[in-house]
Amino acid sequence: MKFSHQLQFNAVPDWAEYYVPYSNLKKLVYSTERDRVTTYHARDDYENATEQTALFDDNAIDIDNSRFIQALDKALERIVNFYTKKEAELYDTMDGIMTEVERGVEDEGVSQGEEPPPPSFQRHRHTRSRSTSDFPRREFLPEGDDTLPPNIISQNTHDQDPEILFDDSEALRRRVVDLFVLLSELKSFVALNSTAFAKILKKYDKITNSEVKRHYTTNHVMKAYPFRTMTKQKLNARIQRTEKAYCSLTGHKDMDLAVDELKSHLRERIVWERNTVWRDMIGQERQIQSVGLHAAHPVVLYMPLLGTVQIDRAQIMHIIFLLASLTVFGILLHVETFPEIEQRRCLAILVFASMLWATEVMPLFATAMLVPALTITLRVMRSHEGVRLSAPEATRAVFSSMFSPVIMLLLGGFAIAGALSKYGIAKAMATFVLSRAGTRPSRVLLVNMLVATVASMWISNVAAPVLCFSLIQPILRTLPVDSSFGSCLILGIALASNLGGIASPISSPQNIIAIQNMTPPPSWAEWFAIAIPLCLVGTCIIWLWLLYNYQPEKHTPQIHKIRASHDPITFKQLFVILVTLITIVLWCLAHSFESVLGDMGVIAILPLVAFFGTGLLNKDDFNHFLWSVIMLAMGGIALGKAVQSSGLLHTIATHIQAWVTGFTPLQVLLVFSALVLVIATFISHTVAALIILPIVAEVGAEMPDPHPRVLVMGTAFVCSVAMGLPVSGFPNMNAISQENELGKPYLTTKDFIRNGVPASIFSMLCVTTIGYGLMTLLNL
1 MKFSHQLQFN
11 AVPDWAEYYV
21 PYSNLKKLVY
31 STERDRVTTY
41 HARDDYENAT
51 EQTALFDDNA
61 IDIDNSRFIQ
71 ALDKALERIV
81 NFYTKKEAEL
91 YDTMDGIMTE
101 VERGVEDEGV
111 SQGEEPPPPS
121 FQRHRHTRSR
131 STSDFPRREF
141 LPEGDDTLPP
151 NIISQNTHDQ
161 DPEILFDDSE
171 ALRRRVVDLF
181 VLLSELKSFV
191 ALNSTAFAKI
201 LKKYDKITNS
211 EVKRHYTTNH
221 VMKAYPFRTM
231 TKQKLNARIQ
241 RTEKAYCSLT
251 GHKDMDLAVD
261 ELKSHLRERI
271 VWERNTVWRD
281 MIGQERQIQS
291 VGLHAAHPVV
301 LYMPLLGTVQ
311 IDRAQIMHII
321 FLLASLTVFG
331 ILLHVETFPE
341 IEQRRCLAIL
351 VFASMLWATE
361 VMPLFATAML
371 VPALTITLRV
381 MRSHEGVRLS
391 APEATRAVFS
401 SMFSPVIMLL
411 LGGFAIAGAL
421 SKYGIAKAMA
431 TFVLSRAGTR
441 PSRVLLVNML
451 VATVASMWIS
461 NVAAPVLCFS
471 LIQPILRTLP
481 VDSSFGSCLI
491 LGIALASNLG
501 GIASPISSPQ
511 NIIAIQNMTP
521 PPSWAEWFAI
531 AIPLCLVGTC
541 IIWLWLLYNY
551 QPEKHTPQIH
561 KIRASHDPIT
571 FKQLFVILVT
581 LITIVLWCLA
591 HSFESVLGDM
601 GVIAILPLVA
611 FFGTGLLNKD
621 DFNHFLWSVI
631 MLAMGGIALG
641 KAVQSSGLLH
651 TIATHIQAWV
661 TGFTPLQVLL
671 VFSALVLVIA
681 TFISHTVAAL
691 IILPIVAEVG
701 AEMPDPHPRV
711 LVMGTAFVCS
721 VAMGLPVSGF
731 PNMNAISQEN
741 ELGKPYLTTK
751 DFIRNGVPAS
761 IFSMLCVTTI
771 GYGLMTLLNL
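According to full-length UniProt numbering, the sequence shown holds residues 1 to 780 in order.
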């Protein structure tokens with residue numbers, strides 16, 4: 001979580017305006033960075049400047065530092081004034097409360113010899129016992145405003161009605177709890193502001209290459225009244241005194257028990273106060289990350305049994321799509337499309353699932369889970385002898401196929417991606433390369449695209465663009481307002497990430513589906529030999545197209561340079577790198593050890609055990625795996641098993657084979673590539689692979705010159721390179737959600753049509769020419 005969000009969440013809502021204005025100061029830092037880079041580019045000796053060279057003369061640096069320090073001084077003054085005032089109020093209130101507490105303790109000692117209160121008092125005390133969380137928050141008022149009149153307190157206990165006595169003691173206890181909460185929040189106020197000053201000063205020094213933090217922290221922050229050691233000690237002493245007072249009021253003999261009870265009140269108060277803050281923050285994150293969502297205009301409908309119901313346009317469309325899918329499903333179940341009932345029902349399941357996936361009526365993985373249920377209940381599975389399986393037999397067959405070695409391969413890839421990301425290895429390697437890209441826009445664009453492609457190999461083409469977009473933020477912040485390089489750079493990373501989806505077997509789910517449909521599966525060495533040249537050639541072609549379309553050097557001759565990370569390599573990072581390399585080598589040599597290891601899925605257990613067994617990754621990391629992708633892949637495997645077992649796949653392949661009779665394998669690959677390119681542009685790449693690849697495998701196997709592995713791998717590659725629209729894959733959706741500081745998107749749908757569609761066609765041609773040639777040379 002970003003510190004600005006941490007500050008927002010942990011701040012006391014009523015005191016929000018008195019904290020360090022972290023977000024505003026951060027904008028000032030970025031503004032200073034942009035001004036310096038602009039001036040830096042204007043200098044004649046720019047090409048000879050090094051990273052250690054001073055950007056400006058001393059005058060300009062002093063002006064920038066002075067402006068930033070002035071903003072810090074203003075924030076510090078506001079904090080000091082607020083703290084001083086709040087401390088005086090709380091301490092005065094505390095002195096009055098402590099006097100009442102001491103008086104109440106003395107009165108209790110006087111009354112210890114008296115008879116116990118009547119039964120009515122006991123019953124009243126029981127009914128009044130409840131947590132302070134039942135009471136609304138209130139600031140402390142002057143003594144007497146929120147309690148009983150002082151004359152009641154001053155009376156002797158034996159002169160008071162027992163119920164009034166209990167009301168007074170209960171109110172006093174609540175006041176002590178409120179006092180503890182506010183004193184604790186004041187302590188948190190100091191700690192949060194101290195951290196905010198440290199972080200914003202560190203950010204300023206890092207971005208502007210200055211040394212302001214040490215001087216300002218020592219001479220200003222630490223000398224300010226709220227941050228002095230003596231002030232903190234006095235506040236801690238007051239909190240401890242409040243804890244003792246609460247202990248004496250409640251009659252706890254154990255001080256630790258009283259403190260725990262007080263802290264529970266504090267937690268309840270925090271949850272009550274900040275629940276809406278948390279929801280608002282989550283809502284903002286979702287609003288930023290959502291793609292293609294527009295303001296909904298609900299329609300109010302009156303239902304006879306349900307009453308008034310609000311429904312928006314998206315829900316109406318989902319209902320229409322669902323009804324259409326169910327209608328088609330019902331029709332196909334009763335129409336004799338094929339002579340065998342298993343094939344008819346399997347076709348109905350295939351079309352029904354495809355329609356739900358294409359329209360996204362429900363999440364993709366939820367639709368995938370429908371497949372095994374329908375497959376078993378409609379009894380579409382048959383044995384090897386062609387006998388229709390019963391429901392129990394079909395259940396064993398379907399579920400045994402769903403958890404296959406390729407699922408373990410996917411889990412192993414997630415473990416490697418999680419470790420590389422968690423310990424900063426992927427980011428460190430990326431910044432190391434980007435720091436050497438220079439300052440020419442054309443070179444920076446090419447290097448960023450190559451980094452996105454390589455990152456997609458190991459942390460998937462879902463996580464790679466997220467990493468790359470975070471790394472280019474310093475570049476985007478310093479670009480001129482009219483520069484087209486920002487759009488060009490973001491689009492280049494998205495397209496390269498899509499292309500990187502073919503780079504390794506674990507870089508995208510469609511590759512896992514392709515391996516499932518290839519017998520025998522290709523080794524990692526064979527995959528790399530085909531995919532890496534395709535990625536390099538395809539990236540260069542897309543790079544040249546983007547340079548032609550955007551001409552970034554015309555508007556932005558030079559850009560800001562990314563700094564490499566200089567943090568030392570730790571033992572944990574070395575261990576992660578070593579395990580990753582060993583796993584990759586074993587995957588590449590999987591066929592050599594097939595008699596011992598059996599399958600690549602067994603090798604995937606190595607990173608899972610190595611990272612989770614040593615504690616480098618924990619249960620939370622495991623829970624954060626892309627389980628929706630895994631469930632989608634398992635549903636796809638079940639669908640493929642059903643289509644194959646029912647005989648539907650063989651029948652469809654026979655019809656297609658008759659249509660492509662006389663075609664060469666290259667021509668068949670071109671036909672399927674064009675088909676899947678169109679499909680995958682509009683629906684998920686993974687869904688397109690789930691529907692098409694089993695058919696491609698069967699058609700390839702039935703050809704006079706069988707080349708099923710060539711056709712499956714080539715078609716799977718084309719699934720990944722369909723990138724003509726913002727909805728064509730996660731990298732595109734992530735790219736179009738990127739906005740500048742003013743909230744304006746860098747990209748539009750027009751940008752994707754002008755660049756993504758040609759990039760898709762170029763990449764498909766590379767697959768069907770260079771890729772086909774490499775696959776033929778390797779005898780796939």
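Be a bit skeptical, because a hint or two may be false.
Here are the simulated PhoX-like cross-link-like pairs (lysine-lysine), alpha carbons at most 20 Å apart as the crow flies [unchecked claim]:
(1) Lys619 to Lys422
(2) Lys223 to Lys187
(3) Lys86 to Lys203
(4) Lys86 to Lys27
(5) Lys202 to Lys187
(6) Lys213 to Lys234
(7) Lys203 to Lys27
(8) Lys223 to Lys234
(9) Lys572 to Lys427
(10) Lys199 to Lys187
(11) Lys187 to Lys234
(12) Lys27 to Lys202
(13) Lys74 to Lys27
(14) Lys26 to Lys86
(15) Lys85 to Lys213
(16) Lys187 to Lys86
(17) Lys74 to Lys213
(18) Lys27 to Lys744
(19) Lys74 to Lys203
(20) Lys85 to Lys202
(21) Lys187 to Lys244
(22) Lys203 to Lys85
(23) Lys234 to Lys74
(24) Lys234 to Lys422
(25) Lys74 to Lys244
(26) Lys86 to Lys199
(27) Lys27 to Lys213
(28) Lys223 to Lys202
(29) Lys26 to Lys187
(30) Lys223 to Lys199
(31) Lys572 to Lys203
(32) Lys86 to Lys74
(33) Lys213 to Lys202
Ranges of calculated distance between the beta carbons of each label pair, as one might list FRET restraints [to be verified]:
(34) Met362 to Asn779: 53 to 63 Å
(35) Ala366 to Ser210: 13 to 23 Å
(36) Lys27 to Glu594: 35 to 45 Å
(37) Glu739 to Ile331: 21 to 31 Å
(38) Ala366 to His220: 23 to 33 Å
Read the hints as simulated data drawn from the structure, not as lab findings.
C-beta atoms are modelled at their ideal positions from N, C-alpha and C, and glycine is treated no differently.
Going down the list of hints, with the structure as the test:
1. Lys619 to Lys422: Given that 20 Å is the threshold and the Cα spacing comes to 13 Å, the pair holds.
2. Lys223 to Lys187: Cα-Cα ~17 Å, so holds.
3. Lys86 to Lys203: 30 Å, violated
4. Lys86 to Lys27: 29 Å, violated
5. Lys202 to Lys187: 23 Å, violated
6. Lys213 to Lys234: Answer violated: Lys213 to Lys234 is near 27 Å, above 20 Å.
7. Lys203 to Lys27: Holds, at about 11 Å.
8. Lys223 to Lys234: Holds, because 16 Å separates the two Cα atoms, which is no more than 20 Å.
9. Lys572 to Lys427: Status holds; Cα separation ~15 Å.
10. Lys199 to Lys187: 19 Å, holds
11. Lys187 to Lys234: Roughly 11 Å separates the two Cα atoms, so the pair holds.
12. Lys27 to Lys202: 14 Å, holds
13. Lys74 to Lys27: Since the Cα atoms of Lys74 and Lys27 sit roughly 16 Å apart, the hinted pair holds (cutoff 20 Å).
14. Lys26 to Lys86: Cα-Cα ~27 Å, so violated.
15. Lys85 to Lys213: At roughly 28 Å apart (the allowed maximum being 20 Å), Lys213 and Lys85 break the hint.
16. Lys187 to Lys86: 11 Å, holds
17. Lys74 to Lys213: 16 Å, holds
18. Lys27 to Lys744: 16 Å, holds
19. Lys74 to Lys203: Satisfied, since the Cα-Cα distance of roughly 19 Å is no more than 20 Å.
20. Lys85 to Lys202: Judged against 20 Å, a Cα distance of about 29 Å means the pair is violated.
21. Lys187 to Lys244: 18 Å, holds
22. Lys203 to Lys85: It is violated: about 31 Å lies between the C-alpha atoms, which goes past 20 Å.
23. Lys234 to Lys74: Distance of about 25 Å is beyond 20 Å: violated.
24. Lys234 to Lys422: With Cα atoms ~40 Å apart, Lys234 and Lys422 exceed 20 Å; violated.
25. Lys74 to Lys244: 38 Å, violated
26. Lys86 to Lys199: Violated, at roughly 25 Å.
27. Lys27 to Lys213: 17 Å, holds
28. Lys223 to Lys202: 19 Å, holds
29. Lys26 to Lys187: 25 Å, violated
30. Lys223 to Lys199: Since the Cα atoms of Lys223 and Lys199 sit roughly 18 Å apart, the hinted pair holds (cutoff 20 Å).
31. Lys572 to Lys203: 26 Å, violated
32. Lys86 to Lys74: 18 Å, holds
33. Lys213 to Lys202: 6 Å, holds
34. Met362 to Asn779: 53 to 63 Å: Once the Cβ atoms are compared, 43 Å apart, the range 53 to 63 Å for Asn779 and Met362 is violated.
35. Ala366 to Ser210: 13 to 23 Å: Taking Cβ atoms as reference, Ala366 and Ser210 lie about 53 Å apart, which means the hint is violated.
36. Lys27 to Glu594: 35 to 45 Å: Between Lys27 and Glu594, where Cβ atoms are some 58 Å apart, the hint is violated.
37. Glu739 to Ile331: 21 to 31 Å: At 45 Å between Cβs, range violated.
38. Ala366 to His220: 23 to 33 Å: 56 Å, violated
Going down the numbered hints, you'll see the structure goes against 3, 4, 5, 6, 14, 15, 20, 22, 23, 24, 25, 26, 29, 31, 34, 35, 36, 37 and 38, while the others check out.
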